[in-house]
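**Student:** Take a look at the letters that make up each chain.
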Amino acid sequence: MSQSITSQRHSLAYRSRLLQPEAERHADTHPLTWRLRDDGEVVWLEEYLRKDGYQSVRNALKKGDPQAIIASMKEANVRGRGGAGFSAGLKWSLTLQGGDMPRGYMICNADEMEPGTFKDRLLMEQQPHLLIEGMILGAYANNSRYGYIFLRGEYVESARVLNKAIEEARQAGWLGGDIDGSGFDFDIAVHTGAGRYICGEETALINSLEGKRANPRAKPPFPGQSGAWGKPSVVNNVETLCNVPAVILKGSDWYQSLSGDRTDDGGSKLYGVSGPVEKPGLWELPMGTSGREIMDRAGGMRDGRKLKAWLPGGASTGFLLPEHLDLPLDFDTVGKEGSRLGTGLLTVVPEDRSMVAVMRNLEEFFARESCGWCTPCRDGLPWTVKLLWALEQGQGETGDIELLDKLAADCGPGLTFCAHAPGAAMPLQTALKHFRHEFEQGVSKPRGKAHPDPIPVGEV
Amino acid sequence: MMATTAETTGIIGTDGFELHPEDEAAMLEEAHHYEQPQAASIEALKIVQRRHGWVPDGAIAAIARVLGIGPGEVEGVATFYSLIFRQPVGRHVVLVCDRSACFLTGFDELKQALVKQLGVDYGQTTEDGRFTLLPVCCLGACDGAPALMIDDDTYGPVSPDDLPGLLEGYP
Numbered sequence: 001m002s003q004s005i006t007s008q009r010h011s012l013a014y015r016s017r018l019l020q021p022e023a024e025r026h027a028d029t030h031p032l033t034w035r036l037r038d039d040g041e042v043v044w045l046e047e048y049l050r051k052d053g054y055q056s057v058r059n060a061l062k063k064g065d066p067q068a069i070i071a072s073m074k075e076a077n078v079r080g081r082g083g084a085g086f087s088a089g090l091k092w093s094l095t096l097q098g099g100d101m102p103r104g105y106m107i108c109n110a111d112e113m114e115p116g117t118f119k120d121r122l123l124m125e126q127q128p129h130l131l132i133e134g135m136i137l138g139a140y141a142n143n144s145r146y147g148y149i150f151l152r153g154e155y156v157e158s159a160r161v162l163n164k165a166i167e168e169a170r171q172a173g174w175l176g177g178d179i180d181g182s183g184f185d186f187d188i189a190v191h192t193g194a195g196r197y198i199c200g201e202e203t204a205l206i207n208s209l210e211g212k213r214a215n216p217r218a219k220p221p222f223p224g225q226s227g228a229w230g231k232p233s234v235v236n237n238v239e240t241l242c243n244v245p246a247v248i249l250k251g252s253d254w255y256q257s258l259s260g261d262r263t264d265d266g267g268s269k270l271y272g273v274s275g276p277v278e279k280p281g282l283w284e285l286p287m288g289t290s291g292r293e294i295m296d297r298a299g300g301m302r303d304g305r306k307l308k309a310w311l312p313g314g315a316s317t318g319f320l321l322p323e324h325l326d327l328p329l330d331f332d333t334v335g336k337e338g339s340r341l342g343t344g345l346l347t348v349v350p351e352d353r354s355m356v357a358v359m360r361n362l363e364e365f366f367a368r369e370s371c372g373w374c375t376p377c378r379d380g381l382p383w384t385v386k387l388l389w390a391l392e393q394g395q396g397e398t399g400d401i402e403l404l405d406k407l408a409a410d411c412g413p414g415l416t417f418c419a420h421a422p423g424a425a426m427p428l429q430t431a432l433k434h435f436r437h438e439f440e441q442g443v444s445k446p447r448g449k450a451h452p453d454p455i456p457v458g459e460v
Numbered sequence: 001m002m003a004t005t006a007e008t009t010g011i012i013g014t015d016g017f018e019l020h021p022e023d024e025a026a027m028l029e030e031a032h033h034y035e036q037p038q039a040a041s042i043e044a045l046k047i048v049q050r051r052h053g054w055v056p057d058g059a060i061a062a063i064a065r066v067l068g069i070g071p072g073e074v075e076g077v078a079t080f081y082s083l084i085f086r087q088p089v090g091r092h093v094v095l096v097c098d099r100s101a102c103f104l105t106g107f108d109e110l111k112q113a114l115v116k117q118l119g120v121d122y123g124q125t126t127e128d129g130r131f132t133l134l135p136v137c138c139l140g141a142c143d144g145a146p147a148l149m150i151d152d153d154t155y156g157p158v159s160p161d162d163l164p165g166l167l168e169g170y171p
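Keeping their order, the protein sequence lines are chains C and P.
Counted the way the working numbering counts, the first sequence spans residues 1 to 460.
Counted the way the working numbering counts, the second sequence spans residues 1 to 171.
Please note that the accuracy of each hint is not assured.
What the hints assert, rightly or not - Computed spacing ranges between beta-carbons, pair by pair:
id : chain 1 : residue 1 : chain 2 : residue 2 : range
1  : C       : 351       : P       : 160       : 22 to 32 Å
2  : C       : 299       : P       : 18        : 53 to 63 Å
3  : P       : 68        : C       : 393       : 51 to 61 Å
4  : P       : 160       : C       : 251       : 44 to 54 Å
5  : C       : 17        : P       : 129       : 30 to 40 Å
6  : C       : 219       : P       : 160       : 45 to 55 Å
7  : P       : 50        : C       : 335       : 43 to 53 Å
8  : P       : 119       : C       : 28        : 49 to 59 Å
9  : P       : 68        : C       : 352       : 53 to 63 Å
10 : C       : 52        : P       : 115       : 50 to 60 Å
To be verified - Okay, the calculated bits of chain C under chain P, using three or more residues with CB under 8 Å as the criterion:
id : stretch
11 : 207–213
12 : 344–350
Read the hints as simulated data drawn from the structure, not as lab findings.
Heads up, the beta-carbon is just placed ideally off N, CA and C, and yes, glycines get one too.
Construct all of the structure, not just a fragment, from the sequences and the given hints.
**Tutor:** Okay, structure coming up:
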């Protein structure tokens, strides 16, 4: 895309922001964001060092025990903040290393392309050195020789900030050869993508990193055994990696204590809200904070509208109802309600919006972004969109809703190559469960000769 | 990392496409970040696109030669990724986010206003060659919804009334 110079200062220019002032954020309670500035400017190296930056790397490299890092991560039970919630320490303990094993790769998943998800951008664009520090610790623990930040192509500002920060770190000896005199060497490159949500799936990401079409790979082997170019590779989300420095510096007990008695999941979390609320935005709060508290911080629904339903963490999570607002938002509790915590960024649907239309919008996304690798996803999702379009127009046929049920079931876990189609099925299944009457209102015609063409009309 | 020894030689692709020596050098430099040069293929396509606005057919063979891989592999990548344009686009590309948060906060009105003002729909370029309108799947600016991106700049929240002033900055 061509460069534009004039518009950078336009009053509508978007900048991500944390809606908690510095005075409310402390090193002991806000490990992800305490260093951020109220003015939203980047925390560059000098300021980062002044605020205890790279202390964790210094201590860990001096101690010289990579396995201790993995042990701390396991004890702290840092769960993956990209949405899956898998234990980061466990993932690290499964990386092949030692003996004749070649040194592998530390990969940061900064694709962040799921609708409703906008947290990693804040960390990268305002506090890049925290991510770099987390990656160095991850690389040391996993015996990685090189790191890649796989960044979506649309995050132009993130790329600019990260590249400058990497250069700063390199100049100061925190990246490159013999880091801080420890004999450990590690460097990072920013790899920018060119669109396609599937790049956020860790094996598809590795294919894309290698310069191929981003189709997922079969697992096993898992990336920890055979990842980029066949070498042991670890893929972690931005927010996950940003948790590492504080865990290593302050210990797993402290990390566990951050969430108090709200939940068994330790730590804090970048929670947020988007949609028609008074103050959409981001906050760092204890893990297990309730949806109601997050909604209160967002000032409630805009213009006094009523809340009808909400997604707890991106387009691939199931719909929850207003009655679920008091649940602690952690991985297990949300899972028990038939949804997923996902990225912990709420998307709210007001009462005056049709669930059929919202669902059509969500499924268009999944249909458009299917990589086409396996049939249920490639053919099933466009078919879903076609049915939803018809129901939205009041042109649905008898049996369409049962067909939607079946299509969602056919896209469920275990029936497709990766989690893309199951991610599309979950909001649909929960919308059909909670709001079936809205879908039924769209049925006006008897069943015709069957749907002759599974290819959708509309905007897919 | 991987060692590429080739010097820039003024590579010519099909259809008479001539790769700019600076672009060839940039691709070779990029390839150094990876164990295998193929990994630079997406960036190589973006390098061509930065100069030409899009990726002409003739560039595929040129990139393949620089990276030492088959043209089919480059073409497969070029057609997979949505931000690689395989047809000419206008001087400026408007990516309008049409996903959940934007959809719930006024995307429909914004899209209608864009279509009316530009006189084109998704995938089309204005007659004067100034703008191409494309959808994008979530810009990660959900707290600034509805959002759109013009070239490298992200804006939000954008209302229909904001459009004339915003587009003015892109002559």
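**Student:** Against each hint, give a clear statement of whether it holds in the structure.
**Tutor:** Against the structure, the hints:
A hinted range of 22 to 32 Å for the beta carbons of residue 351 (chain C) and residue 160 (chain P) is consistent with their spacing of about 24 Å. In this structure, residue 299 (chain C) and residue 18 (chain P) meet the distance hint of 53 to 63 Å, their C-beta atoms being roughly 57 Å apart. Between residue 68 (chain P) and residue 393 (chain C) the beta carbons are some 52 Å apart, a value that agrees with the proposed interval 51 to 61 Å. The hint said 44 to 54 Å for the Cβ distance between residue 160 (chain P) and residue 251 (chain C), and at roughly 53 Å that hint holds.
One distance hint, 30 to 40 Å for the beta-carbon pair residue 17 (chain C) and residue 129 (chain P), holds here, with the actual separation near 36 Å. Look at residue 219 (chain C) against residue 160 (chain P): about 46 Å separates their beta carbons, and that is inside 45 to 55 Å. Between residue 50 (chain P) and residue 335 (chain C) the beta carbons are some 44 Å apart, a value that agrees with the proposed interval 43 to 53 Å. With their beta carbons about 57 Å apart, residue 119 (chain P) and residue 28 (chain C) fall inside the hinted range of 49 to 59 Å.
Checked against the hint of 53 to 63 Å, the pair residue 68 (chain P) and residue 352 (chain C) passes, with Cβ atoms roughly 58 Å apart. At about 51 Å, the beta-carbon gap between residue 52 (chain C) and residue 115 (chain P) stays in the expected band of 50 to 60 Å. Residues of the stretch 207–213 of chain C lying with their CB closer than 8 Å to a CB of chain P number 6, which satisfies the three-residue condition for coverage. Residues of the stretch 344–350 of chain C lying with their CB closer than 8 Å to a CB of chain P number 5, which satisfies the three-residue condition for coverage.
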